[in-house]
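J.: These are the residues of each chain, in order.
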Amino acid sequence: AQSVAQPEDQVKVAEGNPLTVKCTYSVSGNPYLFWYVQYPNRGLQFLLKYITGDNLVKGSYGFEAEFNKSQTSFHLKKPSALVSDSALYFCAVREGSGAAGNKLTFGGGTRVLVKP
Amino acid sequence: ETGVTQTPRHLVMGMTNKKSLKCEQHLGHNAMYWYKQSAKKPLELMFVYNFKEQTENNSVPSRFSPECPNSSHLFLHLHTLQPEDSALYLCASSQADRGAQPQHFGDGTRLSIL
Numbered sequence: 014a015q016s017v018a019q020p021e022d023q024v025k026v027a028e029g030n031p032l033t034v035k036c037t038y039s040v041s042g043n044p045y046l047f048w049y050v051q052y053p054n055r056g057l058q059f060l061l062k063y064i065t066g067d068n069l070v071k072g073s074y075g076f077e078a079e080f081n082k083s084q085t086s087f088h089l090k091k092p093s094a095l096v097s098d099s100a101l102y103f104c105a106v107r108e109g110s111g112a113a114g115n116k117l118t119f120g121g122g123t124r125v126l127v128k129p
Numbered sequence: 014e015t016g017v018t019q020t021p022r023h024l025v026m027g028m029t030n031k032k033s034l035k036c037e038q039h040l041g042h043n044a045m046y047w048y049k050q051s052a053k054k055p056l057e058l059m060f061v062y063n064f065k066e067q068t069e070n071n072s073v074p075s076r077f078s079p080e081c082p083n084s085s086h087l088f089l090h091l092h093t094l095q096p097e098d099s100a101l102y103l104c105a106s107s108q109a110d111r112g113a114q115p116q117h118f119g120d121g122t123r124l125s126i127l
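Chain order of the listed sequences is G and H. Note that the working numbering gives residue 53 to position 40 of the first sequence, counting from 1, and the numbers run on in steps of one. Note that the working numbering gives residue 98 to position 85 of the second sequence, counting from 1, and the numbers run on in steps of one.
Hints are computed from structural coordinates only; laboratory data are not their basis. Predicted, not measured: the structure shown is a model, and the values here were computed from it. Every residue gets a Cβ at the ideal spot worked out from N, C-alpha and C, and that includes glycine. Careful: at least some of the hints might be erroneous.
Claimed, not checked - Calculated pairs, EDC-like style, for lysine to aspartate or glutamate (alpha carbon to alpha carbon, straight line, at most 20 Å):
#1 H:54 <-> G:77
#2 H:53 <-> G:21
#3 H:53 <-> G:77
#4 H:54 <-> G:67
#5 G:116 <-> H:97
Claimed, not checked - Residues from chain G shown here face chain H by an in silico Cβ test under 8 Å; the list is partial:
#6 64
#7 80
#8 82
#9 96
#10 115
#11 121
#12 124
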């Protein structure tokens with residue numbers, strides 16, 4: 014079985030400061046990892062994914078994430094947060110391949126609040 | 014993003030009503046999904062359709078009935094719902110046979126059961 018944990022319900026940072034949103038995962042095979050963001054009254058928007066290769070993945074809106082196999086983590090980072098980054102962030106994992114393996118498991122979400 | 018469109022955006026219904034949620038994707042994807050998002054619960058996968066065939070039913074009560082007439086449209090038929098079914102229902106689509114492609118989400122239908 015696959016699972017994802019986001020240990021922080023909420024993260025608060027000041028605008029201009031670095032932002033980190035934590036995610037750890039559990040999967041039996043090689044993980045495919047994703048980050049999504051959800052703004053109020055909207056669906057989830059894809060930010061970035063890790064499949065294989067370079068452990069540092071760059072995505073939309075200046076976000077990046079670092080895959081760490083030994084720590085089974087995939088933390089989301091942004092060097093300088095903006096007030097507009099305030100939203101709900103979801104980490105997700107899937108294993109398997111092909112049509113039968115496209116089931117995503119989501120973490121509980123982390124609410125990010127960036128203060129001016 | 015307008016690739017996945019859900020209607021209606023808001024729905025209020027009584028427990029004895031019958032209604033349907035609609036999802037349409039314009040991305041040429043071959044897999045579609047229904048999720049339930051409640052206030053204090055993780056995102057719950059309800060149903061998965063691959064190539065119009067249902068491949069996942071995540072122990073969803075029979076008062077929720079999905080329908081996928083073609084690869085672009087997905088419906089969720091609702092009947093005799095309970096107050097705990099009030100939630101945001103999200104539809105998503107993806108290209109299931111091209112490696113780990115991300116799912117693309119609609120903006121959801123906010124459902125309130127009276």
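J.: Determine for every hint whether it applies to the structure shown.
T.: The hints, checked one at a time:
Under the criterion of a C-alpha separation no larger than 20 Å, the hint pairing residue 54 of chain H with residue 77 of chain G is inconsistent with the structure, at around 26 Å. With a C-alpha separation of about 14 Å, the suggested pairing of residue 53 of chain H with residue 21 of chain G holds against the 20 Å cut-off. Distance restraint check for residue 53 of chain H and residue 77 of chain G: the Cα-Cα separation of roughly 27 Å exceeds the 20 Å cut-off, and the hinted pair is therefore not satisfied. Straight-line distance between C-alpha atoms of residue 54 of chain H and residue 67 of chain G comes to about 33 Å, which puts the hinted pair past the 20 Å bound.
Between the alpha carbons of residue 116 of chain G and residue 97 of chain H the distance comes to roughly 25 Å, so the proposed pair goes past 20 Å and is violated. The interface hint given for residue 64 of chain G holds, since its Cβ lies 5 Å from the closest Cβ of chain H, which is under the 8 Å cut-off. Hint status for residue 80 of chain G relative to chain H: violated, with the closest Cβ pair at about 13 Å, above 8 Å. With 8 Å as the threshold, the beta carbon of residue 82 of chain G stays out of range of chain H, its nearest partner Cβ sitting at about 16 Å, so the hint is violated.
Checking residue 96 of chain G against chain H: minimum C-beta separation of about 22 Å lies over 8 Å; hint violated. Contact between residue 115 of chain G and chain H, as hinted, is supported at the beta carbon level, the nearest pair being about 5 Å apart and thus within 8 Å. A distance limit of 8 Å between C-beta atoms decides the matter here; for residue 121 of chain G the minimum to chain H is near 5 Å, and the interface restraint holds. This hint is violated: residue 124 of chain G has a C-beta 12 Å from the nearest C-beta of chain H, more than the 8 Å allowed.
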